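Asker: Which chain is which? The protein sequence lines are F and X, in order. Just so we're aligned, residue 1 is where the first sequence starts under the working numbering, counting upward by one. Just so we're aligned, residue 196 is where the second sequence starts under the working numbering, counting upward by one.
Hints were generated in silico from the structure; no laboratory data involved. This one's a predicted model, so the numbers in the text were calculated from it and none came from an experiment. The reader is advised that the hints may include incorrect statements.
Once the Cα atoms are required to be at most 27 Å apart in a straight line, the calculated DSS-like pairs of lysine-lysine come out as [stated by the list, open to error]:
| id | chain 1 | residue 1 | chain 2 | residue 2 |
| --- | --- | --- | --- | --- |
| 1 | F | Lys-28 | F | Lys-117 |
| 2 | F | Lys-117 | X | Lys-207 |
| 3 | X | Lys-255 | F | Lys-117 |
| 4 | X | Lys-255 | X | Lys-207 |
| 5 | X | Lys-255 | F | Lys-114 |
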Amino acid sequence: MNIWLSVTMLSAFIISALAAYLGVRALKNIRATRKLNEQRDESVKIPMAILQQRSLWNILSMFIGIIVMAWIFDGHSVSEFFQNDTLRISLTAVLTATLLINLFLMLPTSKRGKWAKYFDERDELVLQRAGNFQIVGILILSVIWTVGLTEYYWEIGSIPIDIPYLMFWSNFLMLFLSRSVGIVYGYFWIDRYGN
Amino acid sequence: MGTDIIHNNIRKQRFESNEMTQQELADAAGCTRQTIVALEAGRYTPSLGLAFRIALIFSKSIDDIFEYQVD
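All chains, full assembly: derive it from the sequences and hints.
Answerer: Right, here's the structure in full:
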């Protein structure tokens, strides 16, 4: 048997087993959560936390930033990046603005300083769990870059020097975007099912 | 091992303490109002530190405020 076929089959078996295990665990959690929900007052609407509101605004601002960057980049090739100063400066300006907005919006992420009254242990728990979203986000982006680049540049055998630069940028954006998505999902989860 | 369920009577204690508002309790306990709302609705289990702080604010023992039950 071909070695690659064996590796693929073994990988598929491991992934399927892992998916089945996660599925059973999720079903058990749902059953346990249903029992817990019977004890809870579902009529109460928990007001949005400051961190939750700001994360939503951050997701919106980052999407706008990404759309603007895609619009600027539209019609240009990757190799133009270091040759065309206007393109590079425009993209860098939008990226910097997007990251600065993120920095400003995500200030209340500490129990210290003037933001302390808006941030407590519940917010801290949500923030810690959002880290998992960052790992998954970066992994997904790495897969997209790897598959995309190998498919596109397979025949040439090498990638343009501009690409790693863009990869770094996209990782940076994904790091902050996935954290905000993780925070919003974290509040959605904790408000419904508790910690 | 069963599911941990922690009931509390924070709402009752607030009203018995001169109708203390959620914000006043949150400020005294060092947490946000959202956490107090979630606690009263039984949708958040506090840390041991926060549970003790809340009990201290009402001058009660932790057992008087929180009740542990295994399902």
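Asker: Of the hints stated earlier, which fail here?
Answerer: 1 and 5
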